[in-house]
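Colleague: So the sequence shown is numbered by this note's numbering: it starts at 1 and just counts up by one.
Treat the hints loosely; a few may be bogus.
DEER-style ranges, computed between Cβ atoms [as the list claims (entries may be wrong)]:
no., residue 1, residue 2, range
1, Pro406, Asp183, 21 to 27 Å
2, Asp240, Asp452, 50 to 56 Å
3, Ser175, Glu6, 47 to 53 Å
4, Asp326, Ser434, 31 to 37 Å
5, Gly66, Asp120, 34 to 40 Å
6, Gly231, Gln375, 27 to 33 Å
7, Gly66, Asp183, 35 to 41 Å
8, Val243, Ser369, 17 to 23 Å
9, Gly347, Ser434, 25 to 31 Å
10, Phe138, Gly195, 24 to 30 Å
11, Pro132, Pro213, 31 to 37 Å
12, Ala310, Phe118, 31 to 37 Å
13, Glu308, Pro280, 53 to 59 Å
14, Gly231, Glu308, 58 to 64 Å
Derived lysine to any residue pairs resembling SDA-like cross-links, with alpha carbons at most 25 Å apart [stated by the list, open to error]:
no., residue 1, residue 2
15, Lys172, Glu420
16, Lys172, Arg210
17, Lys172, Arg103
18, Lys172, Arg32
19, Lys172, Thr151
20, Lys172, Phe118
21, Lys172, Phe138
22, Lys172, Gln397
Please keep in mind that the hints were generated in silico from the structure rather than gathered at the bench.
The beta carbon of each residue, even a glycine, is placed where N, CA and C say it ideally should be.
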Amino acid sequence: MSHSVEPADVLIVGGGSAGTVLAARLSENPARRVVLLEAGPDYGPTHFPDALLDANRIADLDHDWGYTSRGGRLSPSMVALRGKVMGGSSAVNAGAALRARARDFARWAENGLDDWSFTDVLPYFRALENTPTGEDEFHGRSGPMPVRQLTDSELTPAHRGFIDAAVALGHKRISDFNGAEQDGVGAFAVNVLDGIRQNTALVYLTAEVRARPNLTVHGAVTVDRVLFRGGGATGVVTADGTVHHADEVILSAGTYGSAAILLRSGIGPAGELASLGIEPLADLPVGQHLQDHPFCPAVYALAPGRGEMAPALGALLWTASSEAADGELDLNVVAVHPNGAPFMPAGGVIALSTALVLPEAQGTVRLASRDPLAQPLIDHNYLGTERDRRRMLEGVQIARLLARDPALAPSLAGLLMPRELPDDAEELTRVIESSLSIYGHPTSTAPMGGADSPQAVVDSRAAVHGIAALRVVDASIIPYVPSSVTNLTTMMIAERIAHLVYNH
1 MSHSVEPADV
11 LIVGGGSAGT
21 VLAARLSENP
31 ARRVVLLEAG
41 PDYGPTHFPD
51 ALLDANRIAD
61 LDHDWGYTSR
71 GGRLSPSMVA
81 LRGKVMGGSS
91 AVNAGAALRA
101 RARDFARWAE
111 NGLDDWSFTD
121 VLPYFRALEN
131 TPTGEDEFHG
141 RSGPMPVRQL
151 TDSELTPAHR
161 GFIDAAVALG
171 HKRISDFNGA
181 EQDGVGAFAV
191 NVLDGIRQNT
201 ALVYLTAEVR
211 ARPNLTVHGA
221 VTVDRVLFRG
231 GGATGVVTAD
241 GTVHHADEVI
251 LSAGTYGSAA
261 ILLRSGIGPA
271 GELASLGIEP
281 LADLPVGQHL
291 QDHPFCPAVY
301 ALAPGRGEMA
311 PALGALLWTA
321 SSEAADGELD
331 LNVVAVHPNG
341 APFMPAGGVI
351 ALSTALVLPE
361 AQGTVRLASR
371 DPLAQPLIDH
381 NYLGTERDRR
391 RMLEGVQIAR
401 LLARDPALAP
411 SLAGLLMPRE
421 LPDDAEELTR
431 VIESSLSIYG
441 HPTSTAPMGG
451 ADSPQAVVDS
461 RAAVHGIAAL
471 RVVDASIIPY
481 VPSSVTNLTT
491 MMIAERIAHL
501 VYNH
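Sequences and hints are given; from them, build the entire structure.
Modeller: Have a look at this one:
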C-alpha cells in the first residue's frame with residue numbers, strides 16, 4: 001500500500017448530492033482539513049460536458065456506474081442508473097426539485113427518529129434553496145441551489161393537456177408542490193436555469209470554494225474499504241491500494257456505493273460477510289432494506305402539430321390509491337418527453353409514467369465478491385407484495401383515464417409502448433410487470449434509527465452504530481423511501497448533518 005500525503009480531519013467518500021454539500025459546508029471552517037474523493041471524473045466548476053448540462057438529456061451513459069437490478073417476475077434485469085461524476089446523480093437526473101412530504105417524515109418517527117420531523121428539516125430545505133417564488137414560510141431565497149417553478153407558458157401543449165385532464169377528473173390544481181399542499185396536479189419545480197441542469201458540484205463546489213486551502217478534491221478515485229484501529233475509522237484504502245488517513249470518515253457514495261463499501265469493510269450481515277471471506281466487524285443490516293420507486297411508462301406518439309418536446313420534464317399528478325394510509329400520497333403519474341428514445345417517431349412522444357412511490361416491498365444490495373471493482377448484486381424486489389401490485393394497477397388505470405380524457409387525447413396519436421393497456425385487470429397487471437422500469441431513487445440500505453431498531457445501521461446523527469469516527473450521509477440512510485424524488489431530500493440531510501454535527 002502507498003500512503004497519501006494529505007491527512008484529513010474529515011474524509012468524504014463520494015462527490016454526489018450529499019458529498020459535495022458536506023465538502024462545501026465542512027470546509028467553511030478554515031481550521032478543518034477536508035478531503036473529498038469521487039470515483040467519477042471531476043470537471044471543475046467550468047468544464048462540464050454538454051451532455052451533463054443539458055436538462056433535457058437524462059441519464060448520460062458515459063457517466064454511469066453500469067449497475068443492473070434483478071428484474072421482476074415477468075421482466076428481465078434492468079439498468080439501475082447512478083451518476084459516476086463529481087455531482088453524482090444530480091448531474092444526470094431529470095432536474096426535478098421536489099421535497100419529501102411532511103407525512104413522509106412522520107413515518108421516520110416509527111424508526112426512533114423523533115427529531116427528524118418536517119418542522120425540524122424545513123430550515124435545511126430552505127437553506128439549500130434559492131427561489132424567487134412561493135411562500136416565505138416554505139422557501140429559501142439565498143441558498144446555493146437554484147430552484148424554479150415551471151409556469152404554464154413554459155410547458156408543452158401535451159403537458160398542459162395532462163394537467164387539464166387531471167383537473168377534469170377531479171384532482172386539485174397545485175401551484176407549488178414544495179408548499180403546503182401536494183395532493184393534486186401541477187407543473188414541476190426544477191433545478192434548471194436557462195436549460196442548464198444545476199448539479200450539486202456546480203453550485204456547491206464553486207471556484208471560490210475549491211480555492212480554500214483546507215479543501216482537497218480528487219476525481220477518479222475508487223474507494224475499496226474503510227480502515228480501522230481500536231474500533232474506529234482511521235481512513236480508507238482505494239482500489240489501487242492508496243491509503244488516505246483521516247480522523248473521521250464520511251461515506252457519501254450513494255445507496256449502492258456506500259452499502260458496498262460498508263460490506264467490504266466488514267460492516268453488514270455477519271454470515272453474508274463470512275461467506276465472502278470478510279471478517280465481520282459489526283453485524284448490522286447493511287443492504288437489507290433497499291427501496292425505490294417502481295414505475296410503468298406508457299409512451300404515446302404526439303399528434304401532428306403537438307410535437308413540442310421541451311422542457312422534457314413537465315407535469316405531475318400526486319395522488320392516493322384506494323389503499324393508501326391516512327394522509328399518504330402513494331401514486332405519481334408524470335408527464336415527460338423522453339428525448340433521444342430509440343423508438344422516437346418524427347412527431348415526438350410523451351410518456352405518462354406511473355410510479356408507486358410508497359412501496360411496501362424491500363430489496364437487497366449484496367456483494368458479488370470482495371473485488372472493489374465488481375458490481376454489487378442489486379435486487380429491488382419490485383412489486384414484491386400483492387398490495388404493491390394492486391396499487392400500481394390502480395395508478396396505471398388512472399394514467400389510462402388521463403390519456404383518454406378530451407383535454408389530453410387530441411395531443412396523442414397512439415400508444416407506442418407497451419403495445420396496449422387492456423381494460424381487463426389481470427391482463428393489464430401482466431403488461432405492467434413486463435413493462436416495469438426503475439426511477440432511480442434508491443434509498444434505505446443503511447437506514448437511520450435508534451440502537452434498538454432492528455433495521456438501523458446509523459443513528460440520528462448518521463454515525464454507524466458501534467463504530468467510532470464513521471458516518472454515512474446520503475440517501476442510503478433514509479429509513480423509508482419518500483413519496484418524492486430524492487435529490488433535494490438527500491441534500492437536506494447533508495445540510496442538516498453538517499450543521500448539527502460539525503457546526504459548519
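Colleague: Is the hinted range of 58 to 64 Å satisfied by the C-beta distance from Gly231 to Glu308?
Modeller: With a Cβ separation near 60 Å, Gly231 and Glu308 satisfy 58 to 64 Å, so the hint holds.
Colleague: Tell me if the beta carbons of Gly231 and Gln375 are separated by a distance inside 27 to 33 Å.
Modeller: holds, 31 Å
Colleague: Can you confirm whether the C-alpha distance between Lys172 and Gln397 stays at or below 25 Å?
Modeller: holds, 19 Å
Colleague: Falls inside 50 to 56 Å, the C-beta gap from Asp240 to Asp452?
Modeller: This hint is violated: roughly 40 Å between Cβ atoms.
Colleague: Hinted pair, alpha-carbon criterion (25 Å max): Lys172, Phe118. Please report holds or violated.
Modeller: At roughly 23 Å apart (the allowed maximum being 25 Å), Phe118 and Lys172 satisfy the hint.
Colleague: Can the suggested window of 47 to 53 Å be confirmed for the beta-carbon pair Ser175 and Glu6?
Modeller: holds, 49 Å
Colleague: With the threshold set at 25 Å, check whether the alpha-carbon distance from Lys172 to Glu420 stays at or below it.
Modeller: violated, 29 Å
Colleague: Between the alpha carbons of Lys172 and Arg210, is the straight-line distance 25 Å or under?
Modeller: violated, 45 Å
Colleague: Holds or violated: the 24 to 30 Å window for the beta-carbon distance between Phe138 and Gly195?
Modeller: Hint holds: Cβ distance 26 Å, inside 24 to 30 Å.
Colleague: Taking the Cβ atom of Val243 and the Cβ atom of Ser369, is their distance within the range 17 to 23 Å?
Modeller: holds, 22 Å
Colleague: Starting from Lys172, check that the Cα of Arg103 is at most 25 Å away, please.
Modeller: Holds - the C-alpha atoms of Arg103 and Lys172 are around 19 Å apart, at most 25 Å.
Colleague: For Lys172 and Arg32, compute the direct alpha-carbon distance and say whether it is at most 25 Å.
Modeller: violated, 49 Å
In this structure, the earlier hints numbered 2, 15, 16, 18 are contradicted, and the remaining ones agree with it.
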